[in-house]
Each structure stands twice: as C-alpha cells, then as structure tokens.
Amino acid sequence: MNGLAILIPVALLLGSSGLVAFFWALRSGQFEDLEGASIRILEDRHPDTENTRDDNR
Amino acid sequence: MSRRAAIAGPPDQRISLFNVPGIHCAGCISKLESGLVREQSIVDARVNFGLKRLRITHGSALSDTALREAIGRLGFEAERVTDDELVNIPDERKGLLRALAVAAFASMNVMLLSVSVWVGAEGSTRDLFHWLSALIALPAISYSGRPFFRSAWTAVRRWQTNMDVPVSVGIILSAAYSLYETIVGGPHAYFDGALTLIFFLLAGRYLDASMRRRAHDSVIALQKQRPTKALVLSPDGLSHWRPTDELAPGMRIIVAAGERSAADGIVVEGASNIDRSLVTGESLPVRAKAGDEILAGMLNLDGALTVRITASGKDTALAEIGRLMEAASQGRSRYVRIADRAARIYAPFVHSLAALAFLGWLVAGAGIHQAIMVAVSVLIITCPCALGLAVPVAQVVAVGSLARRGIVVKDDSALERLAEADIAIFDKTGTLTLGRPELVELPSLAPEAAAALLTLARSTRHPLGAALADAMEDGDAGYLAASAITEVAGLGVEGRFGDRRARLGRPDWLGLDVSEISDDTLLRTAFMLEPAAPVLLTFRDRIRPEALATLQSLAELGMESRILSGDRSQTVTALAEALDIQGLAELTPAEKAETIHVLAERGRKPLMIGDGLNDGPALRQAHVSIAPAAASDVGQSAADLLFLGESLMPVARAVRAARRTMRLVRQNLVIAIAYNLLAIPLALAGLVTPLIAAIAMSCSSIVVVCNSLRLRSAAS
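If you read the protein sequences in the order shown, they are chains A and B.
When we follow UniProt numbering, the leftmost residue of the first sequence carries the number 1, and every step to the right adds one.
When we follow UniProt numbering, the leftmost residue of the second sequence carries the number 1, and every step to the right adds one.
Okay, chain B solo, but in the shape it has when bound:
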C-alpha cells in the first residue's frame, strides 16, 4: 500500500516530526508547507493542524538543526518530536472507528425496523422485521463487539472482572434472547438496544484511545544520549575506535572537543570545560583538568581530554539513572483509573442483581421465559452506557482545550493524577529558568571590535559563545577576516585580526580581576581587542516569563512549591529567594527521586516539573510530571504532560484544568449512577420494554456528553 511505502520512504529519505505551537491559521499551514518544500532536499511537508505538528519528508543528510532553522526562517518556533516511534505507531483508533461505523450503520437500520414494531406492526410483518433486524444485528454485533468480548475474555480467563464483562454478558444475552424471540415469533426483540449500547460504548472507547499515546520507553531515550563508540588509547600509543560495550575500567580513552564521554573516569591529561548539565543539571560549564572526574554523557566543550575509565557500560552513573527510572516507573503502573475503580464495584453488583431478579421471579412463580426476560432487561438497562462515556468524553474535551493552549497530555491517566497533586516540585535549570545563558547587556564596542567579537564568538563551541553570537545576530556587526583563531583549552579563544590580537574567554585570562564581584549567579566572560582594555560580558540564565505568577496561582490552588536542583547551592538559593520558595541544591538524580519518594510516603502527591536527564527518575517517581517541550529526550518521554513555549504559566493552567475535569467527571458518574438507580426498579418489576430501554439509554448518554462539553474552556 502506498502509505507503507511513504513511511519507510526511499532509503535516502527520512521523516521528521516537529511540534510547532505557532500554527494557528490557514495562512500558517500554507506558509509552512509551501515554504518548506522550496528548501533544498525537503521533499514534502505536511501540517497536522489539530496536533500542531509538522511532518517533513527530507533527504537523510539534513540535520534536525538545519530543519529547525528552515522552519525558523518562515517565522515559526519548532521542537523536534523525539519519539521516532510516533511515526510508525499502529493506530488502535482506526480499528475502533471501523467498529464504531459498523455499529452506527447497523443500529440506525435496526432502529428503523424497531420503530415500526413499536408503533404497532403485528403478526407476519413484525416477524419479518425481527428477522431482518437479526440479519443486520448479529453480524454487526459480532464485528463491532469484538473489542469488548476480547477484553472481557482476557479478564474472565484470569478470574478477574472489568467493565467489559457485564457489557459482554449483557450484549450476548440480549442478542441470544432476541434471536429466540424472533424464532418463536415473540413480541420483544432487543437487537436495537444491544447495538445502541455497543455504539455508545465504542464512542467512549474511541475517545479514550485518542488520548492514549503508547507508553514511552524513557530508558531507550536515555541510551540514545550515550556515544556508541570511543577512541581507545592502547599501551603502544596507538588509538582506535571501539564500541562502548567493549570498554573496561583501566582503559584510556580520548574525549575530543565536542564529544560526550562514553564512560565514567578520571582525567589524566588535558584541560577543558565540561558541560555537565546532562547528568547533573548544572547550567555552568565546569573546568576539568588532570585528576578531575568526568561521567559518561558529559559533554567536553573545548580541549581534548585523556580519561582513565573507572566505570563503563552498566556501571556508569548514566546507566544508574536508567535503572532508577525503571524502578520508579513500576510504582506508576499500579495506578488505577477512576473508571476502572467504578467498574470493580459495578460489575459484580450488576451481575448479582440480574441473577437475583432471575431467581426472584422464578420463586414468585413466573415461567423461565419471563424470568430470563427480566434478567436480560436488568442487564441491558444497567449496562454502563453513560458510565462508559462519563470519563472519556470529559477527558477528551479537556485534553482538546489544553492542546489549544499548548499543553500536550501524553498519558491517559495524567489528568486524574494531576488533579490530585498537592505539592509542586520544580527543577531549576531549563524549568524555572530557560536553561540557556543570555547576554545581560551588549557593551558598546567600536564597529571593528564588535565584528571581531562576533567572529570569535562564532568560532567557539562554548555555550556562552553561542549565546553571544545569538545576542549580536540582530546588530549590525559584520564579519572580520581573522587569521589563526585558536581555542585555548579551558580558557577561551584567541585570534589575530590583521596585527591586532583579540581574546574572548575567562576574565582572569585577560587580566581582569573579578574576585570582588561577588554575585555568583551571573556567568562571565571577557573580551579584548588589543590595544583596548578588556570588557566584561555578563550572562544570565533568565527565569521563565510568568514564573512568579505561576507559583502564586499554584499557591492559590493550595499547592506548595519547592525547588530540587542539581546545581550549586549559591545559584539555587538566589533563585529560591527571588521566587520566595524553598530550595534544595546539589542533589544527584537519585537524591531527587528519593526526596519525591519520601514526600509520597508521607502521603503527599508530588507534581514534578523538570526537563533534564537528571530529572528523569524524579519525573517517573512523582505522582504526575510535566516537562517543557524543549526538554531533553529523556525528560520528554518520562513526563506525563508537555507544555510548549517559554512561559511557565501552563503548569498552573494544567493543574486548574485537571481539577475542573475531575470535578466534572465525578458529576458525570453521579448522573450515570442516578439514572441506573431510577431504571433498575423498572427493570426488576419487568416493566422495561425495548422502547423504554432505548429511550433511557440514549437520554443518559446525551446528558453526560452535554455536561462534558462544558469543559471546552477548561484551560482558559
């Protein structure tokens, strides 16, 4: 089929998915689609408006960064959807939609025939209509009912029960009873009831499935962060590439600038700046020299390092994070959703009621035929039609409302858990802050100096260089031809512009004494173009917009907020004071998860908001978790919800929407149960005809659906 071919694609093509929150009108669609196709080696671009997602088919040589830039040139911000499996996800929704269509077709046709019977068709006409109904209904029931029968059978085989057991029993019994009535030429056939029931329940099931994403394997996402091979230095002085799993303690590896270390170890030679943020969450690169420790996954920024391995493969700190996450996820899977909790009470109740009705009528002297009819009508009338719709409809409406505000719900029980959360735990870097340094103020420089600065900034891999280049991009600084730009490991970059020497790097390297400037929350670098004096450039990891307002909103919702960070305590304390909340600093990933675990043991329901790999275990351990869409792969796949954009406000908005949703779900359940309480006595008394069953069932379902639609503005 053509679709299969398109997904696999020709060998030199790849498909990438991007979240583009800025898509909001027809103009955006055509701008993106036609604009991107004009780019070189982009074959096709297609916007999914509902998901705010862009799907690009492109030449495999094109990197994510290049794609993001191409989208950026069209004026949109994009985040790569990291989960490649999304592309090939087998969609259970399609099967459900097909079953739903068959049920709708059959129930409408049978209903037409049933209405004729209800208004008084008699004798051979009625029998003919019943036979026609049977002819349509039986194949339709056996096709459309399969999702319920399958799930009920799985439960029964394990001696368990779920919502599908009473549903299946009800459907099968009423179909069998109706067939019997048809054969003997009786007056009551419930084919329409059985089909309408399947239709409504399938609608609920479909909505439920449309919220569910496949469980993401965050551990796989984690493994992607580790290099697959390393340059090993053998005793004879030669070096060669070896796969990571062949590394062993004692070996020496070379970690070049721009590479991530493949193992834990001690630096034996070289000096460089290390970006430890992946493992520890620190925002500031740390200087590493001989004798310092480096962990697998840490990024070497400038100079080459020789590292003696102390731990490799499964023993690295990175692998430990993976194990922690796995362990934390196990607790998570024990959560029982509200619909299932209701079903556990409901199913045995309905079955015993039907059995009692059957026995009761027998004892009271009715014939077997009539006793069965009463039992069947009890099953039909109590079938959890509205109950099956109560939860999914409300949640789907809420999820849609959240999606319009840039909040993606990834897990089907996420809203339930979010509504229960009572304490918010924030990571610092990348969560409360934007996670990237920004230049505080551009110094006024001579045009030539500005050009030299930009040239040097562009030539370095240090994150401050990139931030500097970003900040200067909009200015009118041009390029200056430089000769001999060299990166001095751990210190900075140096270049010659004509006969003038320029340096960009550590302030002390340029002869600036910065010890008396005590504000440690700022990152600093210095620049100098001889013969001018060095200038100090300060950077700051900016707090997310509306962070303070978000924390206030959370407080109004009765949620206390705290910071758990792997960063240095000075930085964390300053931020905690600025936001007026408690903060814990210098925590390892395991300690973060443990802190959350302790909170949970005390009966709290922590909401974790984090982005980094080091937050992975904590995100899984927490009762519910949120990550910014710009988070690391691991953060994205470990969290239950994602929010797009820079503002932190979506966190408070999501909590508020979740609570409103669950209030409404409970209302829906009350409506559904109240309906059953009203209808059961009628059924027990044997007064329920197929007509009454049809009316009662539709009414309660419609009421529940209408009530749920009130959630359309849940996230506003």
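Isolated chain A, as found in the complex:
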C-alpha cells in the first residue's frame, strides 16, 4: 500500500507532463506538417527560417 501511495502520484505526474508537452507542441505548430518534419531532419540548418515554424499551415 505504501508503495502505491508513491507510485500512483508519480504515474499521474509523468502522464500529465506528457499531456502538457503535447499541448505545447500543438500550440507551437509542430503538427502542421508531419511528413515535412520527417524530411527536414536531413536538411542543413537555416537559422533565418528556423523561427517561422509556427506560421505554416
């Protein structure tokens, strides 16, 4: 029982932090172009286009 008192809050905390992270990712537009994102990892960095990620739809 004592173990549960620690483990359950920990599980909930981890889960909800995942949820918060997902909300953040959604807000910053990272789900706009999933196919493109998988390809962009091969791309050299363009600092000038880096900060415009959330503008695309």
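Hints are computed from structural coordinates only; laboratory data are not their basis.
Computed from a predicted model, the values in this text were never measured in an experiment.
Using N, Cα and C, we set each Cβ at its ideal position, and we do this for glycine too.
Take these hints with a grain of salt, some might be off.
Stated by the list, open to error - Pairwise CB distance ranges, derived in the manner of DEER restraints:
1. A/Phe31 with B/Leu238: 55 to 65 Å
2. A/Phe31 with B/Arg604: 21 to 31 Å
3. A/Gly18 with B/Arg323: 17 to 27 Å
4. B/Ile695 with A/Pro9: 23 to 33 Å
5. B/Ile695 with A/Gly18: 23 to 33 Å
6. B/Ala364 with A/Asn2: 42 to 52 Å
7. B/Gly367 with A/Phe31: 42 to 52 Å
8. A/Ile41 with B/Trp118: 22 to 32 Å
9. A/Gly18 with B/Gly186: 29 to 39 Å
10. A/Gly18 with B/Val598: 51 to 61 Å
11. A/Phe31 with B/Ala355: 49 to 59 Å
What the hints assert, rightly or not - SDA-like cross-link-like pairs, simulated, lysine to any residue; straight-line CA separation at most 20 Å:
12. B/Lys94 with A/Leu19
13. B/Lys94 with A/Glu32
14. B/Lys229 with B/Ala256
15. B/Lys94 with A/Ser28
16. B/Lys31 with A/Ala21
17. B/Lys31 with A/Leu26
18. B/Lys31 with A/Leu42
19. B/Lys94 with A/Ala25
20. B/Lys94 with A/Leu42
21. B/Lys31 with A/Ser28
22. B/Lys94 with A/Ala21
23. B/Lys314 with A/Leu34
24. B/Lys31 with A/Ala25
25. B/Lys94 with A/Phe31
26. B/Lys289 with B/Asp315
27. B/Lys31 with A/Val20
28. B/Lys31 with A/Gly18
29. B/Lys94 with A/Leu34
Stated by the list, open to error - Stretch by stretch, here's where chain A covers chain B in the computed footprint (C-beta under 8 Å, at least three residues):
30. 20-34
31. 704-711
Once you've looked at the hints, dock chain B against the given chain A.
Below, chain B alone, put in the same frame as chain A:
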C-alpha cells in the same frame, strides 16, 4: 500571440499560398525556402511538405505572376491557391486533437488502474482504484466528450437523432453508473470503457475533420472576376471613374485595352479583339466592332472600346452565372453521407435494444440495479466505435494516397459521390485541352527577322503574342531595337526596325489569303519583315497528355464520356472525333448546367470535369466535379477535387481510387456490424464485464483500422 501577428502581418506584407506539386524531397524544400528568401521583397518562405504547399510572406507590391516566376526560376511549377480564407481558417482539428490527447492520457491511466482491479484487487484497494479512476475520468470525459455532447444536444433539441446521440447517452450513462458503483463500493466500474470509446471516436472524428475543407463560396470567387469600377463617359464628353454598382443601362463606358468589361453592352465605337473565354469558354479571341455585343467579365485585348450598357449589376450574364451556381449548390447539400445513413438506422435500433433489455430483465425478476447494468453494458458494447472509425479512416488513407499522386480532395463526401459517378462530362478548353495556344512549328527565319518577331510578340497583349514569345524564349533570338511599335486594334502590331517595317497580326492584314486553308481548329497569325514575304504562324490548343488513355480507362470503368463546350461547333467536333466521344458545342453556362440536370433526372450520376467560370454552374450541378488546379478561381472553388499537372490521367485514377475506397468502407461497415451482432447477445445475457467490453471494443477498432490501411496504394 505571435502567430496572430504573423498572419495579419505588417501592413505592407502579404501572405500568398501556392500549390507546388513538384515538391518531393528534402532538397526541394531547402531549395525553395532558401532560394525564395534571397529574392527581393520576399520575407519568408515555408514549405508544407504534406500539402505540397508553399507559403510566402512578401512585400504587398509583389504580384502573383512575379512570385510564380520566382518559383519558376528555381525549377518548380506553382499554382496560386486562390482561396485567401485558407490562410486564416480556424482549425477545428486543433480542438479535436486536444480532446484526443486528454482522452488518451486519461484512458491509459484509468486502464492501468482497471487492470489491477481485473487481476483481482479487492476490498479497500479496489475502492481506492475506482475512486482514483473517477477522479481522472470524470473531468476527462466532460472535456473530451464535448464534441459529441454538443452535436447530440443540437440534434435532440430539434427532435432528430444522429450518431452522437447513442454515443453521448452511452458515455453519460456508463459514467453515471460507474460513479454509483464507486460510491457503493460495487465490483464493476466502466470508466475505462467510456474513455476508450471517446478516444476511438475522437480519432475517427479527427480524421474526418482533417479531410474537410471549409465550404468554398464560389459565388464570392465569381465576384472577384468583375471590375469594381468603370470609366463612364458623360454626355458632355468628360469621363470619370464610377463604381460598378452605380452603372445603369444606357450609360456609355470606355473599356481600355487589357481591361475586363464591367457590364453587358453593345459596342458603339472602336474595334478590338475580345477574349470571351471567361464567360463562354471560347479559346479564340473574337473580333468586336461597333454593333457587337460584349458581356461583363470579357477581356478587351487590344483597342479601346466605347460600350453602351444594356445590363449592369445583377442583370449581367456574369451575375446570372452566380445565381445558377447558388441554385445548383442547394441540391448538392442534400447529399447524405454513408456514415450518416448508417447512423440513422443504427441509433434508434441501439436505444430500443437497451430499453428492451432493461424492461426484459425487470420482467424476468431482476432488480433495478442489475437491469440498469445490463442496459448500460448493451449501450457500451454497441457503441459505434468501429462504426465511427470505419468511414473516416478509410477515406483519410485514400485521400493521402491521392494527394501523393497530385489529386486534392476538397470535400468530405467527394469520394463517396465520385465512386457513384457513371458518366463523365468534359469541358473542352482548359480541360481536355491545355487551354493555351501553342506554336505548332517555329518557322525558320533570318536571325534579324526572328529578333524582330520576338520584339513584336512581346509588345502585344494578344494571347498569341505571349504564346509566340514563350515558344521563342528558348531560342537564340535576341531583341532588336524598334522604333514606333503600334498596336493596330483588331489587326495586329506594327513596328519599324531601322527603315524596315514589320507586322505581326491577322494574315489578311499582311496580304495573305488563308481562305483555302480550311482546317479551322488551328489559330493563325502572320509575320512579315519587309521586304521578305509574310510567313504564316499556326497555333494549336494542345490536347492534354494521356487524354485518350484517360477516356479509355474511364470506359473500362463503365463510364461514358462526353464533351460539353461553349466553343464553336467546328472546334468541338474535331476534338470529339479525335477522341471518339460525343460532343455538344456552343452551350451557354446555363445550358451546360441544364444538360447535367437532365442527365441527373434520368437517374445518371454525372461527373463534371471543367475549369472555367462558364463551367461553374455545371460543376456545382453535377453529382461530383473535378477541376484542374490551373482552373479559374470559380472553377477551383466549385469543384470537389483538383488535380495538378498537365496529364488528364488523374481523373481516371481518382475514379478508380474512389470506387476502391467505397468498397473498403462497406467492408469496414460489415466488420463493425458483425462485431456488434456477436457482442449484443453477450450484453443482453448480462455477461459483459468491463474487461470483455474493453477487449471487444479495441479488437474491432484495430481490425477496421488495419483493413483501411490497405488503401495506401489506392491511387497507384
């Protein structure tokens, strides 16, 4: 927020969207993005790879043509996305995705707790787990379930029912029942079932929403084609600009070269070539002189015309097209999608079944508590989980497959309707043909003559001039300094090169007799640099690549093809014969729509493929419609699907994919219903525990999803 600021942009910046079908690799992305940013007054360029769409933030002075050229210099073909609203579309998908994330989080945590109960947690541990589940599930259900509750409430308030009514009732009842169990310390709580249900259904809803584009208002697109003001000539001989809606019959307006007429009228002065393609679909410019009719929206190519207005504002032929389109769209909105048809039968069935189970168990002598439990488990087990996924998953997979082949599905019921189509109706100009004249053969000219020709060709607004310049662009013809280039209205252009006179224009103007050349499908112009003899230049509106093969594929699919064109009958007949199909010519937009209407009355399901404004009513009237992505604004917004590129083959490919999709959707529905038929007796017998419900629900959903994934190659 920063995003809002970026969309509105600083006042001197605009955002333009382009469809760029050629994007297919990482190299394309970086080439476009970094290449465009180097251009002057382009602030930012961003590729959306999935949509093959390019978003450019640029100085507002930069025209679409300039942007397209800039993209062209990087080696890509681009079409402007005409619907500006796409830029600012409020995305219902984001709300759904958030609800989906909450449901996923909650259902996984509750499932963890539930598994402990299923494997035998008892007494106070079980009660604690149930309470924890309730603590997570109740807020999650009330947040994530809102899309269903809202839609169900709207339906119930109007005394109707839809798929969301049984879903909502099932979710609310099972949550309430589980809460009761938790409070009294009972053995069965269905929190996990309710949450998994919401999760799966939201997934289906999200996929569905990702296919749906906002209904395009084709009438607004139409109004953009009309000039907003006109140069009115007052009786005292002065002229001034007046807004279009102040025009009235009897007024005289001046339509300058390069302008579209703002009203219908009769030419009283001047002579010019008129590009009537916007209204009639004719490919060839028509010569207009005093006494000829000109309609609003027609483009005056070379000489200035004075026009006496006969109809303006709402009475113009252009406005009539708008009304026709509106009327045709109303019939369209009555189409009921297959998922909704299923729901209409399904919802009452499930509710009566649950009620019967409740009464049946009461009559059989069970307590109220047990009767409610059975009724709830019937609702949970029959909840259209797989049914909710059956249609959207299959369609989304198919739409993705089509998108990879350059076919954009704009309407969420388009695939269903396309699968039903049994006759294909083609427009001619711009649909079966590419819609632009191409030089058949470049005559061999002396370098000096070639340079003079190119100079003259570039100086005229006539479409043949542009085609000529296009054809010569790749050659080595240079510019030749010319003096006094003049456009002779309705005839051609003339220029002086040193002391030699050059003319480009109508063959008879240059003294060529062309009456014995009878092939009327060719457009002709002539060129002469004195003292050499005039040369005849012939143009042709080229048939789209693979047109014949496309028609054959359609025939193999059991679809007859026909041409409906506004163009002259000689041109249409020649093309119809070349393609071996029936053709009707010289049709007004209203007649096109009427022909389609008559077909539909006879029980046919016409597929209309067209591009022009004059096809607008027909595109809306047809059971389903396809337009090339290079179509006019109106054509683009009126059609259900768009295809990119020059080939016509996407039409046949789309039909084939649509039929395959609907076959698979029906399979999915059978799977979903078969599962319910198996599970219902168990539920009625009161044998369904939360564990069984969870397993059954997940299995049927997974089977449906896996089956749908087979459509990944639907468009190949």
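Consistency of the hints with the structure:
Restraint check, A/Phe31 to B/Leu238: a C-beta distance of roughly 60 Å satisfies the suggested window 55 to 65 Å. Taking 21 to 31 Å as the suggested C-beta distance range, the pair A/Phe31 and B/Arg604 does not conform, at roughly 42 Å. Between A/Gly18 and B/Arg323, the C-beta spacing of about 54 Å breaks the proposed range 17 to 27 Å. Here the CB-CB span from B/Ile695 to A/Pro9 is close to 29 Å, well matched to the stated 23 to 33 Å.
At roughly 25 Å, the beta carbons of B/Ile695 and A/Gly18 sit within the given window of 23 to 33 Å. A hinted range of 42 to 52 Å for the beta carbons of B/Ala364 and A/Asn2 is consistent with their spacing of about 47 Å. Remark: the range hint 42 to 52 Å for B/Gly367 to A/Phe31 is upheld by a beta-carbon distance near 49 Å. Our hint of 22 to 32 Å for A/Ile41 and B/Trp118 is violated, since their Cβ atoms are close to 41 Å apart.
About 31 Å separates the C-beta atoms of A/Gly18 and B/Gly186, a value consistent with the hinted range of 29 to 39 Å. Here the CB-CB span from A/Gly18 to B/Val598 is close to 59 Å, well matched to the stated 51 to 61 Å. In this structure, A/Phe31 and B/Ala355 break the distance hint of 49 to 59 Å, their C-beta atoms being roughly 42 Å apart. Restraint check for B/Lys94 and A/Leu19: the C-alpha separation of about 14 Å stays at or below 20 Å, so the hint holds.
Between the alpha carbons of B/Lys94 and A/Glu32 the distance comes to roughly 10 Å, so the proposed pair stays at or under 20 Å and holds. The hinted pair formed by B/Lys229 and B/Ala256 meets the criterion: a straight-line CA distance of about 12 Å does not exceed 20 Å. Simply put, B/Lys94 and A/Ser28 have alpha-carbon atoms about 11 Å apart, close enough for the 20 Å limit, and the pair holds. Only pairs whose Cα atoms come within 20 Å are accepted, and B/Lys31 paired with A/Ala21 is rejected, the gap being roughly 32 Å.
The hinted pair formed by B/Lys31 and A/Leu26 fails the criterion: a straight-line CA distance of about 27 Å is larger than 20 Å. A hinted pair counts as satisfied when its Cα atoms are at most 20 Å apart, and B/Lys31 with A/Leu42 qualifies at roughly 13 Å. As the CA atoms of B/Lys94 and A/Ala25 are separated by approximately 11 Å, the hinted pair is consistent with the 20 Å bound. Between B/Lys94 and A/Leu42, the direct Cα distance comes to roughly 28 Å. Violation of the 20 Å bound is thereby established for this hinted pair.
Straight-line distance between C-alpha atoms of B/Lys31 and A/Ser28 comes to about 24 Å, which puts the hinted pair past the 20 Å bound. Using a Cα cut-off of 20 Å, the hinted pair B/Lys94 and A/Ala21 holds, with the two alpha carbons roughly 15 Å apart. Between B/Lys314 and A/Leu34 the CA atoms are separated by roughly 46 Å; this puts the pair beyond 20 Å, and the hint is violated. The suggested pairing of B/Lys31 with A/Ala25 is violated, with an alpha-carbon distance near 26 Å, which exceeds 20 Å.
Of the pairs offered as hints, the one joining B/Lys94 and A/Phe31 holds, with about 9 Å between alpha carbons and a cut-off of 20 Å not exceeded. Taking the CA atoms of B/Lys289 and B/Asp315, the gap is about 23 Å. The hint is violated against a cut of 20 Å. Using a Cα cut-off of 20 Å, the hinted pair B/Lys31 and A/Val20 is violated, with the two alpha carbons roughly 35 Å apart. Among the hinted pairs, B/Lys31 with A/Gly18 is inconsistent with the structure: their alpha-carbon atoms are about 35 Å apart, more than 20 Å.
In summary, the hint linking B/Lys94 to A/Leu34 is supported, as the alpha carbons are separated by about 14 Å, within the 20 Å threshold. Only residues whose beta carbon comes within less than 8 Å of a beta carbon in chain A count, and the stretch 20-34 of chain B has 6; three or more means the coverage holds. Three residues within the 8 Å Cβ limit are the bar, and the stretch 704-711 of chain B against chain A gives 0, so the coverage statement is violated.
When the structure is compared with the earlier hints, violations turn up for hints 2, 3, 8, 11, 16, 17, 20, 21, 23, 24, 26, 27, 28, 31 and for no others.
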